[in-house]
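4 protein chains.
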Amino acid sequence: MVKRLALLGAGRIGKVHAQAIATHPRAKLVAVADANNEAAQALAAATECKILSIDEILNSDQIDAVIICTPTNTHANLIERFTAKGIPVFCEKPIDLDLERAKSCADRVTNNQTPVMLGFNRRFDPHFKAVHDAIKAGKIGAIEMITITSRDPGAPPPEYIKVSGGIFRDMTIHDFDMARFLLGEEISTVTAQASVLVDPQIGELGDYDSASIILTTKTGRHCIISNSRRATYGYDQRIEVHGSLGSISAENQRPVSIEIANQTGYTRPPLHDFFMTRYLDAYAAEIATFIDCLEQGSTPSPSITDGVAALTLAEAALLSVKEGRTIKVGEIL
Amino acid sequence: MVKRLALLGAGRIGKVHAQAIATHPRAKLVAVADANNEAAQALAAATECKILSIDEILNSDQIDAVIICTPTNTHANLIERFTAKGIPVFCEKPIDLDLERAKSCADRVTNNQTPVMLGFNRRFDPHFKAVHDAIKAGKIGAIEMITITSRDPGAPPPEYIKVSGGIFRDMTIHDFDMARFLLGEEISTVTAQASVLVDPQIGELGDYDSASIILTTKTGRHCIISNSRRATYGYDQRIEVHGSLGSISAENQRPVSIEIANQTGYTRPPLHDFFMTRYLDAYAAEIATFIDCLEQGSTPSPSITDGVAALTLAEAALLSVKEGRTIKVGEIL
Amino acid sequence: MVKRLALLGAGRIGKVHAQAIATHPRAKLVAVADANNEAAQALAAATECKILSIDEILNSDQIDAVIICTPTNTHANLIERFTAKGIPVFCEKPIDLDLERAKSCADRVTNNQTPVMLGFNRRFDPHFKAVHDAIKAGKIGAIEMITITSRDPGAPPPEYIKVSGGIFRDMTIHDFDMARFLLGEEISTVTAQASVLVDPQIGELGDYDSASIILTTKTGRHCIISNSRRATYGYDQRIEVHGSLGSISAENQRPVSIEIANQTGYTRPPLHDFFMTRYLDAYAAEIATFIDCLEQGSTPSPSITDGVAALTLAEAALLSVKEGRTIKVGEIL
Amino acid sequence: MVKRLALLGAGRIGKVHAQAIATHPRAKLVAVADANNEAAQALAAATECKILSIDEILNSDQIDAVIICTPTNTHANLIERFTAKGIPVFCEKPIDLDLERAKSCADRVTNNQTPVMLGFNRRFDPHFKAVHDAIKAGKIGAIEMITITSRDPGAPPPEYIKVSGGIFRDMTIHDFDMARFLLGEEISTVTAQASVLVDPQIGELGDYDSASIILTTKTGRHCIISNSRRATYGYDQRIEVHGSLGSISAENQRPVSIEIANQTGYTRPPLHDFFMTRYLDAYAAEIATFIDCLEQGSTPSPSITDGVAALTLAEAALLSVKEGRTIKVGEIL
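Chains as they are written, first to last, in our numbering: chain A, 1 to 333; chain B, 1 to 333; chain C, 1 to 333; chain D, 1 to 333.
Rather than coming from a laboratory, the hints here were simulated on the basis of the structure.
The C-beta atom is built at its ideal place from N, Cα and C for all residues, glycine as well.
Honestly, I wouldn't trust all of these hints.
What the hints assert, rightly or not - FRET-style restraints, in silico, Cβ to Cβ: (1) C:LYS136 with D:LEU205: 41 to 47 angstroms; (2) B:GLU159 with D:GLY184: 50 to 56 angstroms; (3) C:PRO200 with B:GLN201: 57 to 63 angstroms; (4) C:GLU204 with D:VAL2: 32 to 38 angstroms.
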């Protein structure tokens with residue numbers, strides 16, 4: 001039986017998920033809801049699905065699960081409403097910008113006993129997954145030090161920054177989740193530095209555009225995260241894990257692997273321009289995992305608890321920058 | 001309007017095309033025909049299409065075009081029958097193992113004035129296409145010397161070799177087409193050497209498993225092709241073009257881009273295991289181009305004439321090996 | 001005129017410098033001194049120089065400059081004695097493990113007005129120098145974030161650890177100098193984490209074997225340093241500088257650039273096994289620079305002041321680990 | 001005892017060898033001879049050796065061996081004169097442009113029973129040597145197909161072309177020797193194509209600037225050589241060997257290993273600009289091997305016979321181009 005999905009939010013990331021659903025052999029997008037009627041119509045036309053209101057989707061018996069891609073401040077409410085009805089939810093990160101709200105939502109989800117999967121797409125990237133699997137297979141022995149380099153191609157506009165929750169909750173949150181995914185051990189301390197080097201407007205809004213973070217675990221493992229809101233050469237997404245027996249790394253990806261050699265040297269093209277192309281395979285694998293969970297009745301991962309954990313680290317990083325000290329994660333919980 | 005396609009032949013390459021059709025937004029596989037009923041049923045079930053006989057497909061008014069993936073010795077007849085009915089054809093290479101038969105088929109297609117596209121999938125590989133486009137854009141100046149390295153992961157079984165037409169018609173034919181695609185000038189001479197180094201059985205069948213070919217054009221450009229039926233490290237598919245202003249190359253592709261460093265060194269995984277995964281994107285782009293031609297009523301390329309040209313070079317290569325001399329292409333025509 | 005050099009200390013690093021001197025066209029090693037007679041004899045035999053006592057060297061009028069490669073705790077005194085005599089000094093890092101002692105030595109050197117060059121060899125590595133020069137030439141715009149990865153192939157024995165001054169003064173000191181060399185702006189804060197992950201003996205001696213450090217400058221630039229005392233794949237020495245217009249990186253070096261492809265993948269050999277081979281060119285260029293300064297009477301760089309600055313950062317890093325907070329460099333000065 | 005060497009010829013390659021001798025711990029350049037007095041004086045000054053006439057060198061009892069770097073047309077005579085006196089010779093390739101003359105010289109050398117080493121420097125390149133050693137160690141199983149890419153940065157002036165003996169005897173001769181060095185089996189056929197694509201002047205002089213050659217051995221192994229007199233990106237020197245168990249390759253070399261990433265992509269610097277820097281290590285290792293042979297009284301390799309063999313292949317290639325057919329090496333001998 002094909003799983004019938006409804007999409008809440010027809011924006012940039014909504015379209016990415018709609019595309020992933022379209023290529024899945026056992027999933028079908030049957031409805032889309034968006035306050036912006038034009039966006040809803042465009043997506044409905046492209047995918048041949050119906051336009052419904054959120055309430056109509058909530059009350060429909062023709063829908064097996066929802067994909068939430070609405071603005072962040074609606075996530076927690078929507079998760080609660082749909083899980084209360086027993087409708088499985090896939091929700092984009094973050095749960096909420098407020099950690100307390102995210103936690104109360106997670107508690108409600110636990111009560112509702114309905115599956116919720118969080119959109120940490122990078123766990124499903126084939127290259128990063130191969131890193132994860134090689135670690136699990138013991139290829140590099142015990143993990144000691146992880147380096148995550150994560151740089152956006154360009155800074156978002158002030159309007160986006162204003163509602164983003166800041167660099168740690170908006171951007172680093174993916175790296176916090178990746179660190180947790182790879183380390184195989186909970187993070188115990190967060191130490192961060194942040195600057196405004198790319199765009200002074202970001203600083204005027206109280207946010208940062210460049211950040212360096214050191215995470216440590218109880219057994220002393222380190223993870224370094226390097227973030228920037230601008231990389232002229234494309235979407236810079238690399239991971240390197242150093243272990244007792246060796247190191248493993250996942251290189252950057254580019255649309256085509258060619259190289260031109262001439263008087264100025266050997267030049268390969270820039271990287272993917274952003275997440276819509278860089279993580280195309282990851283989004284498809286993520287949706288496929290969600291569909292698998294629906295089919296098998298298994299618990300999806302990453303879960304809403306993973307969402308709370310990543311948000312906690314973001315909170316700790318922000319506090320670390322403000323107070324100029326290492327934050328114990330227990331201080332935040 | 002979605003283009004309704006029928007697939008003739010549900011074997012290995014038939015499945016590849018069925019998958020490409022499944023992910024195309026404006027194409028739909030509506031029927032499959034295969035003498036092997038089990039193969040037909042499996043593909044029909046997977047793609048939710050009907051099983052029809054070739055005659056039923058020929059006479060249906062519900063079919064916009066056919067994809068021919070049947071054994072080689074049926075290609076020319078099927079091309080002629082379908083184009084006689086005005087039904088556009090996409091046909092796997094080669095047209096026929098016999099050059100005369102291929103030419104007579106091409107003549108008939110010209111008379112029938114119905115579009116025929118030949119399955120030289122590599123032209124649609126995004127990396128090779130980027131090489132082609134960069135050349136056209138003048139990035140390396142005038143082309144001087146091309147090197148094509150093309151090695152299969154492993155030798156096919158004797159049963160395949162027997163009906164394959166030999167390494168030049170079966171395997172090098174793709175490289176001959178790539179040489180023509182990139183050189184932008186017709187090939188005037190063919191000089192070849194061939195050996196049995198991989199599997200003595202191949203030699204017993206009168207074929208070769210290792211070949212080196214030099215092509216030249218009228219203006220003196222060279223193209224070297226290096227073929228082997230075995231590469232332990234995967235499907236080795238590389239192109240390098242040397243020009244007056246620089247060189248351009250397309251590197252090998254692997255499923256995941258990771259690297260493990262340990263006491264034995266730095267190791268990246270083997271390449272794709274064969275064409276089904278290596279050229280996944282190419283097959284999708286190839287079918288998309290065919291659909292575009294159907295929609296726009298434009299002439300598809302590579303055409304049946306390209307198929308005849310590549311076959312002519314294969315014939316010349318064989319003669320060169322046998323006679324130990326450079327063959328002028330005019331000798332073959 | 002060939003510059004006549006005397007070498008104090010015929011140990012591991014002493015031999016490296018002796019080799020660099022041997023290949024310099026305008027320098028000659030004329031004397032060696034070492035408390036260990038065997039070491040002195042071996043080096044004297046290999047380089048055809050005399051064995052003298054330190055006092056004899058100090059009082060000789062046949063010596064143009066000295067290279068100090070003795071144990072760390074003798075550096076400051078030797079620097080002071082030779083500069084007091086007006087004999088130019090090249091001294092291995094660090095000046096002293098005690099920051100106060102290093103500073104008083106630097107003050108004395110200033111008074112003596114005799115050239116002293118500090119052995120921060122990495123500044124002279126052709127690859128890192130090319131990074132430095134490209135930055136100066138504006139190739140990546142304004143520097144924003146630097147990442148220095150520096151891992152030894154294996155942990156030194158406890159005897160070495162005991163007298164090393166700890167990982168920050170012994171190992172990271174090179175990276176602190178490199179950060180200063182590249183940033184082009186003084187460092188204002190140091191934040192560090194350190195662990196014992198490689199060898200528990202190191203922990204028992206009160207030292208660490210794994211460290212992550214974030215440096216910041218007044219304008220908000222970041223530099224991350226990642227250190228480990230063990231890398232199974234060789235001597236891991238990489239630098240990456242992210243700027244407003246792009247990034248520049250210097251890759252790891254290996255003795256031979258070959259790659260073997262087989263069923264297990266594509267494997268390149270391990271890296272250089274340690275600094276003696278990795279920085280062979282750097283040591284030669286370093287000595288050449290020292291000779292140039294002697295010939296031209298110019299002030300050598302890196303200077304003893306650079307040595308004090310790097311030692312100050314090491315001190316700050318240690319304090320940061322101990323107090324779990326960001327240290328302002330001004331606190332240390 | 002230090003070996004005392006005399007250098008005949010103070011031109012470009014003479015200087016390269018003088019430098020290699022200067023860095024050898026047990027060799028010393030004691031004399032130089034050159035018809036061009038200025039060149040002789042410059043080299044003598046730089047290396048602190050005497051200027052002697054060839055006859056003076058021939059009759060000196062202070063000279064252990066000679067390095068012949070004079071114009072090609074003097075090589076055979078000089079080899080004969082020095083070996084007749086029992087003075088070991090290192091001679092630059094080729095022995096002579098005329099195969100018969102080269103052979104008669106080789107015969108004379110055999111009679112004289114004095115060591116002669118031919119200057120096929122690439123055998124001593126650490127990267128190519130590592131390829132050779134890995135093959136010998138069985139890392140890729142049985143050799144099947146070799147690809148040698150060898151491109152000069154730019155075409156030499158007409159004056160050079162005129163006396164060069166043509167591309168096969170002047171340039172490809174190195175690749176012929178490399179093929180023999182790696183194949184471990186004598187070459188039985190030569191098939192070549194050659195064009196004028198770089199510089200019409202070269203064609204006017206009856207020579208070619210672009211060549212593709214296929215060599216085969218009795219057991220059917222292939223070696224492809226691709227030559228061009230121009231590569232805008234530097235001195236292009238690559239080798240790839242395909243075997244039954246895998247492939248091995250030696251990559252191009254550049255002065256510094258850095259990479260700059262920006263909006264136009266990822267760029268590494270051009271390659272070495274020519275043999276003087278690319279093969280610096282090879283020249284040093286070559287001279288060191290010659291010195292070793294002198295010290296141990298062992299027979300140097302590559303020998304004058306290797307020089308004759310490579311020249312024979314050059315002759316065969318030329319004949320192949322002229323006659324448009326595969327040449328059996330036995331036809332030339």
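Hints versus structure:
no., hint, verdict
1, C:LYS136 with D:LEU205: 41 to 47 angstroms, "46 angstroms, holds"
2, B:GLU159 with D:GLY184: 50 to 56 angstroms, "35 angstroms, violated"
3, C:PRO200 with B:GLN201: 57 to 63 angstroms, "59 angstroms, holds"
4, C:GLU204 with D:VAL2: 32 to 38 angstroms, "52 angstroms, violated"
Hint compliance for this structure: hints 2 and 4 are not met, and every other hint is.
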